[in-house]
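Modelling step: build the complete structure from the supplied sequences, incorporating the hints.
Chains as they are written, first to last, in the working numbering: chain D, 1 to 540; chain F, 1 to 540.
Warning: the hint list may mix true and false statements.
No copy labels: a pair is met if it fits in one copy or bridges any two.
Here are the computed lysine-lysine pairs in the DSS-like style, where the Cα-Cα straight-line distance is at most 27 angstroms [said to hold, decoys possible]:
{"no.": "1", "residue 1": "LYS293", "residue 2": "LYS312"}
{"no.": "2", "residue 1": "LYS520", "residue 2": "LYS540"}
{"no.": "3", "residue 1": "LYS520", "residue 2": "LYS135"}
{"no.": "4", "residue 1": "LYS485", "residue 2": "LYS526"}
Hint data in this document are derived by calculation from the structure and do not stem from the laboratory.
2 protein chains.
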Amino acid sequence: MMAGNFQRALKLRSALRHLNLHSSLSSTATARHSPAGHCSHSPSTTSWQFAVCHRKLHTGGDELKPSPAAAPERLPFSRITPEDLAFFREILPGRTITDPDLLESSNVDWLKTVRGSSEVLLRPQTTEEVSRILKYCNSRNLAVNPQGGNTGLVGGSVPVYDEIILSTALMNNILTFHSISGILTCQSGCVLENLSLYLEERDFIMPLDLGAKGSCHIGGNVATNAGGLRLLRYGSLHGTVLGLEVVLADGQVLDCLATLRKDNTGYDLKQLFIGSEGTLGVITAVSILCPRKPRSVNVVFLGCETFEQLLKTFQLCRGMLGEILSAYEFLDSECMRLLNTHLKLPNPISDCPFYVVIETSGSDATHDGEKLHNFLDEAMTSSLVMDGTVATEDSKIKALWSMRERVTESLTHDGFTYKYDISLPLEQLYQLVTDMREHLGDRAKSVVGYGHVGDGNLHLNITSPAKDPALLAAIEPFVYEWTAKCQGSISAEHGLGLKKRNYIYYSKPSQAVALMSNIKAMLDPKGILNPYKTLPDNLK
Amino acid sequence: MMAGNFQRALKLRSALRHLNLHSSLSSTATARHSPAGHCSHSPSTTSWQFAVCHRKLHTGGDELKPSPAAAPERLPFSRITPEDLAFFREILPGRTITDPDLLESSNVDWLKTVRGSSEVLLRPQTTEEVSRILKYCNSRNLAVNPQGGNTGLVGGSVPVYDEIILSTALMNNILTFHSISGILTCQSGCVLENLSLYLEERDFIMPLDLGAKGSCHIGGNVATNAGGLRLLRYGSLHGTVLGLEVVLADGQVLDCLATLRKDNTGYDLKQLFIGSEGTLGVITAVSILCPRKPRSVNVVFLGCETFEQLLKTFQLCRGMLGEILSAYEFLDSECMRLLNTHLKLPNPISDCPFYVVIETSGSDATHDGEKLHNFLDEAMTSSLVMDGTVATEDSKIKALWSMRERVTESLTHDGFTYKYDISLPLEQLYQLVTDMREHLGDRAKSVVGYGHVGDGNLHLNITSPAKDPALLAAIEPFVYEWTAKCQGSISAEHGLGLKKRNYIYYSKPSQAVALMSNIKAMLDPKGILNPYKTLPDNLK
Numbered sequence: 001m002m003a004g005n006f007q008r009a010l011k012l013r014s015a016l017r018h019l020n021l022h023s024s025l026s027s028t029a030t031a032r033h034s035p036a037g038h039c040s041h042s043p044s045t046t047s048w049q050f051a052v053c054h055r056k057l058h059t060g061g062d063e064l065k066p067s068p069a070a071a072p073e074r075l076p077f078s079r080i081t082p083e084d085l086a087f088f089r090e091i092l093p094g095r096t097i098t099d100p101d102l103l104e105s106s107n108v109d110w111l112k113t114v115r116g117s118s119e120v121l122l123r124p125q126t127t128e129e130v131s132r133i134l135k136y137c138n139s140r141n142l143a144v145n146p147q148g149g150n151t152g153l154v155g156g157s158v159p160v161y162d163e164i165i166l167s168t169a170l171m172n173n174i175l176t177f178h179s180i181s182g183i184l185t186c187q188s189g190c191v192l193e194n195l196s197l198y199l200e201e202r203d204f205i206m207p208l209d210l211g212a213k214g215s216c217h218i219g220g221n222v223a224t225n226a227g228g229l230r231l232l233r234y235g236s237l238h239g240t241v242l243g244l245e246v247v248l249a250d251g252q253v254l255d256c257l258a259t260l261r262k263d264n265t266g267y268d269l270k271q272l273f274i275g276s277e278g279t280l281g282v283i284t285a286v287s288i289l290c291p292r293k294p295r296s297v298n299v300v301f302l303g304c305e306t307f308e309q310l311l312k313t314f315q316l317c318r319g320m321l322g323e324i325l326s327a328y329e330f331l332d333s334e335c336m337r338l339l340n341t342h343l344k345l346p347n348p349i350s351d352c353p354f355y356v357v358i359e360t361s362g363s364d365a366t367h368d369g370e371k372l373h374n375f376l377d378e379a380m381t382s383s384l385v386m387d388g389t390v391a392t393e394d395s396k397i398k399a400l401w402s403m404r405e406r407v408t409e410s411l412t413h414d415g416f417t418y419k420y421d422i423s424l425p426l427e428q429l430y431q432l433v434t435d436m437r438e439h440l441g442d443r444a445k446s447v448v449g450y451g452h453v454g455d456g457n458l459h460l461n462i463t464s465p466a467k468d469p470a471l472l473a474a475i476e477p478f479v480y481e482w483t484a485k486c487q488g489s490i491s492a493e494h495g496l497g498l499k500k501r502n503y504i505y506y507s508k509p510s511q512a513v514a515l516m517s518n519i520k521a522m523l524d525p526k527g528i529l530n531p532y533k534t535l536p537d538n539l540k
Numbered sequence: 001m002m003a004g005n006f007q008r009a010l011k012l013r014s015a016l017r018h019l020n021l022h023s024s025l026s027s028t029a030t031a032r033h034s035p036a037g038h039c040s041h042s043p044s045t046t047s048w049q050f051a052v053c054h055r056k057l058h059t060g061g062d063e064l065k066p067s068p069a070a071a072p073e074r075l076p077f078s079r080i081t082p083e084d085l086a087f088f089r090e091i092l093p094g095r096t097i098t099d100p101d102l103l104e105s106s107n108v109d110w111l112k113t114v115r116g117s118s119e120v121l122l123r124p125q126t127t128e129e130v131s132r133i134l135k136y137c138n139s140r141n142l143a144v145n146p147q148g149g150n151t152g153l154v155g156g157s158v159p160v161y162d163e164i165i166l167s168t169a170l171m172n173n174i175l176t177f178h179s180i181s182g183i184l185t186c187q188s189g190c191v192l193e194n195l196s197l198y199l200e201e202r203d204f205i206m207p208l209d210l211g212a213k214g215s216c217h218i219g220g221n222v223a224t225n226a227g228g229l230r231l232l233r234y235g236s237l238h239g240t241v242l243g244l245e246v247v248l249a250d251g252q253v254l255d256c257l258a259t260l261r262k263d264n265t266g267y268d269l270k271q272l273f274i275g276s277e278g279t280l281g282v283i284t285a286v287s288i289l290c291p292r293k294p295r296s297v298n299v300v301f302l303g304c305e306t307f308e309q310l311l312k313t314f315q316l317c318r319g320m321l322g323e324i325l326s327a328y329e330f331l332d333s334e335c336m337r338l339l340n341t342h343l344k345l346p347n348p349i350s351d352c353p354f355y356v357v358i359e360t361s362g363s364d365a366t367h368d369g370e371k372l373h374n375f376l377d378e379a380m381t382s383s384l385v386m387d388g389t390v391a392t393e394d395s396k397i398k399a400l401w402s403m404r405e406r407v408t409e410s411l412t413h414d415g416f417t418y419k420y421d422i423s424l425p426l427e428q429l430y431q432l433v434t435d436m437r438e439h440l441g442d443r444a445k446s447v448v449g450y451g452h453v454g455d456g457n458l459h460l461n462i463t464s465p466a467k468d469p470a471l472l473a474a475i476e477p478f479v480y481e482w483t484a485k486c487q488g489s490i491s492a493e494h495g496l497g498l499k500k501r502n503y504i505y506y507s508k509p510s511q512a513v514a515l516m517s518n519i520k521a522m523l524d525p526k527g528i529l530n531p532y533k534t535l536p537d538n539l540k
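As structure tokens, then:
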């Protein structure tokens, strides 16, 4: 599973690098100080498409009014001067990047749908350097875009205009690891996979795992409150992050880097920065509680007749697998069709309307195997599942996981994809897919649903042969209104960033957004940190 | 275990009620508008002692300067008028309490060490009523003490002067429970044990368990970020609380009552209120993620020669018991001596310097038993443990748990007790007890250590025949300075409340405290919510 994700991340990353080389000249020439754009293509599209579309973001065509996802006007921040560059070069010799070719991959996001036009990339190595940079930028009213691995999906990790890019890439030291408590402390630029490898050698694992693990930084994971594949078992970062060191907008270092499981001395300030997408401070170090490495892992692939049966199967396995259940993921038959058609992946079981991937991880292979056997026996006897297959060997585990993990890739081959990351009460989770399919009729090419059932998180994806403003208008705001009616979240794990900031009111009341805005004003009065992100353009 | 805790809570609660009846006349007569006092006795002391000492808090005698724990001067809040009472009686007919006898138990804390002199207790039933009360109090500049089950240990849950007591006792409705997701939503005044019983009938449990479960309210648990006995397994409330409804100081209702496991739409505001001890808002409803009820529970009582071996045993059992480990608690031989002497509890194993209580809970009794057997076999073979006994039956489980749970009770029979609740890195956890013992020499009667090893949480208790200002001066600030040197926390799970607010700088840097103070000023500009609590009297 991990290796599978890693390969996929590498492949996409490599496609991205290839594309950047081709597109850098044409795009940088026109992109200077223009608003971030949203491109109508998948990561495998050509550089030509990339160059022409960078000025629009979800606009649905020039003739329509800008969508709520479009970038607002540039705010009146200072523009960078030769004196500013001289200052940065003095404190960061050799680590103040201004070469447009080198800047290119930091100006564009992972999906290549949003791009900025920053002219300087700073690569500090220490908290003290980050502090000096921010103190200077704050006094000069220069906007800053904090950047980790730049793997975000909502345009939160790239500049919108000419914000200075502050990269954590060189802040990649592991500071301490306590093998009794399992508490790891490291700089924020450590790549998630490197931390995983470090821990696995010591019989521990990270409490989170993502497809982008080969590139994403732990600081970015924390700043975006990343979810991923282990949340069902180990919970969210709000529980597993024990301490943070954060540099505030004015350069002040806030040391909340505790390595304690319990600390009730005053308000838990670090929580504010978890999920704040770099708009309240720059995370420079993280301490996190790591679980022991499981000795036994099993994966089951099952088919169900209805989504109701899929949920009943979830209830059954929560009871019978109990403490060893570590993932309960699903995909629908439309996903399977795309996997078959575009990736030639054969269905490992007979055709069913719904498929489930269940993972167990535990400390005793015999016990885990017995629990799984008993659960499967009960699920089959009670006719909750139609068919299924079990994997205990690494290669078959990876093959079964790939049926879930490669759905995203199969979608890129199906056409232009509209992507939604929705949290819903479990009972309503799939109804949105059914209703959307009926609502769109034959206007969409494919309407597919998959995701993390265990976490109540649906990935709804809709494809069409090409970008289709009329289709988009049929999807939005329908999808957001539907979600709001069910008290769902319009962004389960991706965050709001640039793209979704103005949709916040579908999931949060105006009082809450006003309070967020007050917190932003308190911590970053000049608004220099990651402007145009997370908070809406206007308060209600 | 649960029944054991419950019995203890009931016993103490009943002792408290008994005491209140005896003490109410003498104490209320002298207590009006005087600062909260700290009494030099255990809950089983007499009413006479109670009445004479209520003006002091850790002062160590009238001749010494007030300690940092003493109450500051009354702040210039308005005093309650007949018009105010008329307003409250109009919106809360029959639920506006002014009878001093009825007010008495709300004016004094569970340990009977702190008492206020409030003249009115309000018992709202709805969020709307709480909102109207706070809107009024804010406009009138009337201070408010939010109160749940009043089981706190740091004087945070009672008024200091004449603050209006706002009780959540009548806000005790369960709102929803989803049996597939395990998400419970309820009003904040639900008693923890009632929630546990409700869930157990539905094959779920609460993710937290406390000795005070028979009295404490879930809203108070959240407001104080209660730790308790299940934290090792299910994590802190920052991870398990999914949503909160909070009434702010000005009466505004902040609805963050999501029932979703994932929601990354803006800053996670509810986190601010978890552990804020009622100083930032009044929690009116909670949604929380509940685990499935385990089918099998085992308890082991072991003896170790050294604390180092006790930690090695912890490492071994984290690996071998893995996902079924649910508690790893310890007590030292001094605790055992007090249990033998004062409670006549016999040692279930041979005499050892250290004792461990390990609990497993899982979904399969056979598997759990085998894991436990293998772990014990390895621990004995490698000479990590000297002796041990296992319990699988309820009555023996309770008996073994009582060796850990009744240490507090045995201390009350040993003399006047100075209590500390410290988080430390595991390696240093017991060294504080050893150093303190050496530091105090024969000035202390007993110096004992016990607590939650799995969470890095030490309960250090020091007894003397009577209150002893010289002994206190030898303990403090020694204990806080020692803790600060190890980057520990001077309050692991009890909070700061009134008693520990001025010690915050031992665990938090001045920048962090200043930011907390800014947050307080933003959310409660007039400072009416639980004044004199959590934040220090002066900023550094």
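**Q.** Hints the structure fails to honour
**A.** Per hint list: single violation, 4.
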